[in-house]
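Residue numbers (the working numbering), protein chains in the order written: chain A, 1 to 255; chain B, 256 to 373.
Please keep in mind that the hints were generated in silico from the structure rather than gathered at the bench.
There's no promise every hint is true.
Stated by the list, open to error - Straight-line alpha carbon distances no greater than 25 angstroms define the calculated PhoX-like cross-link-like pairs of lysine-lysine that follow:
| no. | chain 1 | residue 1 | chain 2 | residue 2 |
| --- | --- | --- | --- | --- |
| 1 | A | Lys88 | A | Lys20 |
| 2 | A | Lys134 | A | Lys61 |
| 3 | A | Lys60 | A | Lys96 |
| 4 | B | Lys267 | B | Lys344 |
| 5 | B | Lys337 | A | Lys205 |
| 6 | A | Lys96 | A | Lys33 |
| 7 | A | Lys33 | A | Lys61 |
| 8 | A | Lys38 | A | Lys60 |
| 9 | A | Lys132 | A | Lys207 |
| 10 | A | Lys61 | B | Lys259 |
| 11 | A | Lys207 | A | Lys88 |
| 12 | A | Lys132 | B | Lys337 |
| 13 | A | Lys169 | A | Lys235 |
| 14 | A | Lys205 | A | Lys88 |
| 15 | A | Lys61 | A | Lys38 |
| 16 | A | Lys132 | A | Lys61 |
| 17 | B | Lys267 | B | Lys337 |
| 18 | B | Lys267 | A | Lys207 |
| 19 | A | Lys132 | B | Lys344 |
| 20 | A | Lys132 | A | Lys96 |
| 21 | A | Lys96 | A | Lys20 |
| 22 | B | Lys344 | A | Lys60 |
| 23 | A | Lys169 | B | Lys259 |
| 24 | A | Lys38 | A | Lys132 |
| 25 | B | Lys344 | B | Lys259 |
| 26 | A | Lys212 | A | Lys132 |
| 27 | A | Lys212 | A | Lys134 |
| 28 | B | Lys259 | A | Lys212 |
| 29 | A | Lys207 | B | Lys337 |
| 30 | A | Lys134 | B | Lys259 |
Since the structure is predicted, the reported quantities are computational estimates derived from the model, not experimental observations.
Spelled out from the first residue to the last, the chains are:
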Amino acid sequence: MTQVPSIAEEKPTTSLSSPKTATLRIARFNPEKDSERKFMEFNIPYQRWTTVLEAILEVKKHFDHSVAVRYSCRQATCGSCGMIINGKPRLACFTKISELESDVVTVEPMNNFPIIRDLAVRFERLFESHHKIKPYLINDDSEISSNEKEFLQTPEEVEQYIQFSNCIKCGLCNSACPTMATDSSFVGPQALAQAYRYVADSRDKGKDSRLKIIDESHGIWRCHFAGSCSQVCPKGVDPAMGIQFLRGYLLGFRS
Amino acid sequence: MVNKMRESTIMKIHYGTALGAVALVAVHILMRLTQSFAESLEYTNVIANYQFLPYAGMLEIILILLSIHGFNGLRVILLELKQGPRYEKAVSYGCVAAMMGLIAYGSRTIIMVNMGML
């Protein structure tokens, strides 16, 4: 009788990547105490699969527990761990150190957000803007109250907005936006993309009210179409495209 | 009025004036090519251009289009540099006043030439 090897048993030929070491530079700043940002360096061993968040948590566990970082799901779903990693806004849980192709990993808080401490930033402005554009379906009819009504959509109608519903509100697009850096009243690519998500939904009847909200002096027209919001989105949302589509509605090219 | 106008209306005017100015400036450049550059800048030729009403009218329209487009562009830049209700109101009204001032000053030249004052 032949013996079946157990699944957990590792074949001796399985090659393990040798652990490497990276220098993790973490920006430290407490607005209540510090006058300027400082960087602390830690040597962290990493494997091919080690994420930047895991490296930061390693620092918290073994070197300095006072490093402030916001995180939760560790699987690019909650949108909590957005930060600037080697100069680019990314999710720490979705960025492997091995992908960065650098032995030095510098992590900083997101741009265009007020800093609470170290890598944790305030999200009030993002959530206010998001709330402002009415991020929900506006329709007097309801699928709940009426047993006859069902809001059917064709695959083509779903295709109009589905990628925009992948937004996890991580704020990376707002962090990358050059207009957000100078215009403190700008509604931002996140909220504009969400405005398009609902305007393009065939079940929604609130198009006019949403277009009115974004059609103001610090609204949609302040976008310079740098496209950096779409470049950094970890969920594949294209806010720059949504913004152009919204402009199409306002200029009368779309209805 | 400046603050009440919808931003999309302002931007439609902004894009429209840009397209109109490109078309008319192209005509203006073509007209200038009918003679040498030095010749076109001679005093008598410049005065003659202003006295030729269809051409003077076109120059006036270019002036209006570029003033509207340019000062709205300036307004947008200034609004992005700094924010605040008083500042934004001052920028908006200031740009409209400057635009009207420039149009009035440019129109004055054409009017004075045609009244024989130059």
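Next on the checklist: Let me make sure I understand: some of the numbered hints might not hold for this structure. Which ones are they, in numerical order?
Outcome noted: The structure breaks hints 2, 5, 6, 10, 11, 14, 16, 20, 22, 23, 24 and 29; every other hint is satisfied.
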